[in-house]
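Engineer: Sequence:
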Amino acid sequence: MDWKSHLFFGLICGAAAAWLWFGSLAEPIFSFALVSGASALLPDLDMRKSKASKVLAAFVFLAILAASFLLSYSSGRGLEGFFIFAALMLLALFGLDRLVRPRHRGIMHGLLFLFAVSLALLLIFGGFFAAAFAVGYFSHLLADFCVKLS
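Heads up: the sequence shown begins at 1 in the numbering used here, then just goes up one per residue.
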């Protein structure tokens, strides 16, 4: 499935789960569905060409630029320091990505990973966010499983 299908299925599953949980209250259904839709894209972070991976890469790149700027100018190293910090962080990130990124449909496409992340989110953010995440993430796994069967 492509990212649009996973997003749509995650939104629908999130809205349905929220409707069952909250009844007809629009605000929690909308919020729950948005988190579920976004979470439905996350299992494909292990694919470099996935939409979620590209968005995350852009965000991380901007964060590295911002961190390099802050580090270089707060330490008085100026533009030269900026380029040094940025290069070192990008090299470290590239190396870490090559070493750590799992193969596609590896650990990130498993129920154990879903359970572990959902539990962590429950402890950090509470039940609403953790449940919305779990519904969206599970919708991705379910959709991939159904496509695999056909």
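One or more of the hints may lead you astray.
[Said to hold, decoys possible] Distance condition first, Cα-Cα at most 25 Å in a straight line; then the derived DMTMM-like pairs of lysine to aspartate or glutamate:
| # | residue 1 | residue 2 |
| --- | --- | --- |
| 1 | K51 | D2 |
| 2 | K51 | D97 |
| 3 | K54 | D97 |
| 4 | K49 | D2 |
[Claimed, not checked] Restraint ranges, calculated between C-beta atoms of paired labels, are given here:
| # | residue 1 | residue 2 | range |
| --- | --- | --- | --- |
| 5 | K51 | S31 | 15 to 23 Å |
| 6 | L90 | K148 | 34 to 42 Å |
| 7 | F30 | A87 | 39 to 47 Å |
| 8 | F8 | G76 | 33 to 41 Å |
| 9 | A67 | W19 | 36 to 44 Å |
| 10 | S31 | R98 | 32 to 40 Å |
It is worth saying that the hints were derived from the structure and are not from the lab. Computed from a predicted model, the values in this text were never measured in an experiment. Positions of the beta carbon are idealized from the N, C-alpha and C atoms, including for glycine.
Engineer: Taking the hints in turn, state whether each one holds.
Structural biologist: Comparing the hints with the structure gives:
Of the pairs offered as hints, the one joining K51 and D2 holds, with about 9 Å between alpha carbons and a cut-off of 25 Å not exceeded. The suggested pairing of K51 with D97 holds, with an alpha-carbon distance near 17 Å, which does not exceed 25 Å. For the given pair, K54 sits about 13 Å from D97 by alpha-carbon distance, which is consistent with the 25 Å threshold. Distance restraint check for K49 and D2: the Cα-Cα separation of roughly 11 Å lies within the 25 Å cut-off, and the hinted pair is therefore satisfied.
Checked against the hint of 15 to 23 Å, the pair K51 and S31 passes, with Cβ atoms roughly 21 Å apart. Taking the beta carbon of each, L90 and K148 are about 36 Å apart, inside 34 to 42 Å as hinted. Between F30 and A87, the C-beta spacing of about 42 Å keeps the proposed range 39 to 47 Å intact. About 51 Å separates the C-beta atoms of F8 and G76, a value inconsistent with the hinted range of 33 to 41 Å.
A hinted range of 36 to 44 Å holds for the C-beta pair A67 and W19, which are about 41 Å apart. Here the CB-CB span from S31 to R98 is close to 36 Å, well matched to the stated 32 to 40 Å.
Checked against the numbered hints given earlier, the structure breaks only hint 8 and satisfies all the rest.
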